[in-house]
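Whenever a hint applies, use it, and build me the whole structure from the sequences.
Residue 1 in full-length UniProt numbering is what sits at position 1 of the sequence shown, and the numbering runs on without skipping anything.
Among the hints, erroneous ones may be present.
Derived EDC-like pairs: lysine to aspartate or glutamate, alpha-carbon spacing no greater than 16 Å straight-line [to be verified]:
#	residue 1	residue 2
1	239	201
2	143	167
3	180	195
4	216	192
5	123	231
6	180	159
7	180	205
8	216	195
9	122	194
10	239	194
11	122	85
12	122	86
13	196	213
14	239	195
15	60	85
16	123	86
17	123	85
18	216	194
19	239	192
Derived DEER-like restraints, expressed as beta-carbon distance ranges [to be verified]:
#	residue 1	residue 2	range
20	185	153	17 to 25 Å
21	80	159	39 to 47 Å
22	218	137	18 to 26 Å
23	239	84	20 to 28 Å
24	156	133	14 to 22 Å
25	158	50	36 to 44 Å
26	185	137	19 to 27 Å
In case anyone wonders, no lab produced these hints; they're calculated from the structure. Beta carbons are placed, not taken as given, at the ideal position from N, Cα and C, and that holds for glycine.
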Amino acid sequence: MAAPGLGARAALVVAGCSGGGAGDDSGSAGIRAWLPSRVLELVFSYLELLELQSCTLVCKHWYHCLQGDENSAVWRSLCARSLAEEALRTHILCNLPSYKAKVRAFQHAFSTIDCSRNVYIKKNGFTLHQNHIAQSTDGARTKIGFSSDEQSWGWNLVDNNLLHNGDVNGSFPQCNNAPKYQIGERIRIILDMEDKTLAFELGYEFLAVAFRELPKSCSYPAVSAVNGNTEVTLVYLGKPLDG
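Printed below as a string of structure tokens:
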């Protein structure tokens, strides 16, 4: 079994070559420069995400090796180790184009810690399930935030209204015959922390900006449910392609 030995050597290479930053390509960086990309990929394939993040800071060569191809053996290996087989073989991640994007989505998935006691995250790692408990409202938030009541903004899909600070803050979407939402429909959350806005899409239809002038504080996408046996799947898609 060569894998354990290679893993140990990988750790030694990372530890021995971590002296400089991404812009340091001189002096002690010699050993970093001559390692071919294919060799680096093989070594990096045994590292975890935090270790890979550290490797991107070692030198430009390592940075480009890790960031250049999002479907490289490095990200394929990390994806296989980090994500459940169910998530990889079903349609859950079908809109994500690369292994790196799938790893990123898993890092932004529902937290198994920050959730109500009547909620659990299914084995796929992306789907919230609410147990059938009478008169119970339960929820969960994601693992990573993007920047208690006075700092939460929400959309009530049943009554089609916006909520902030526990109070109704207007109707949404603002139309005469607001739609009723069906099981399986996809709703996209568009959180723009530069413009400090929160908007929603239904399917591929942009509804509107729901909230403006959001504070600079860290914001976590979250869901809550009332009806028992409710399931919600949340997948982080990354930055918009149009910037």
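How the hints compare with the structure:
| no. | hint | verdict |
| --- | --- | --- |
| 1 | 239 / 201 | holds, 15 Å |
| 2 | 143 / 167 | violated, 26 Å |
| 3 | 180 / 195 | violated, 29 Å |
| 4 | 216 / 192 | holds, 11 Å |
| 5 | 123 / 231 | holds, 13 Å |
| 6 | 180 / 159 | holds, 9 Å |
| 7 | 180 / 205 | holds, 15 Å |
| 8 | 216 / 195 | holds, 10 Å |
| 9 | 122 / 194 | violated, 33 Å |
| 10 | 239 / 194 | holds, 12 Å |
| 11 | 122 / 85 | holds, 12 Å |
| 12 | 122 / 86 | holds, 10 Å |
| 13 | 196 / 213 | holds, 5 Å |
| 14 | 239 / 195 | holds, 14 Å |
| 15 | 60 / 85 | violated, 33 Å |
| 16 | 123 / 86 | holds, 8 Å |
| 17 | 123 / 85 | holds, 9 Å |
| 18 | 216 / 194 | holds, 9 Å |
| 19 | 239 / 192 | holds, 9 Å |
| 20 | 185 / 153: 17 to 25 Å | holds, 21 Å |
| 21 | 80 / 159: 39 to 47 Å | holds, 43 Å |
| 22 | 218 / 137: 18 to 26 Å | holds, 23 Å |
| 23 | 239 / 84: 20 to 28 Å | holds, 25 Å |
| 24 | 156 / 133: 14 to 22 Å | holds, 20 Å |
| 25 | 158 / 50: 36 to 44 Å | holds, 40 Å |
| 26 | 185 / 137: 19 to 27 Å | holds, 21 Å |
When held up to the earlier numbered hints, the structure conflicts with 2, 3, 9 and 15 and fits the remainder.
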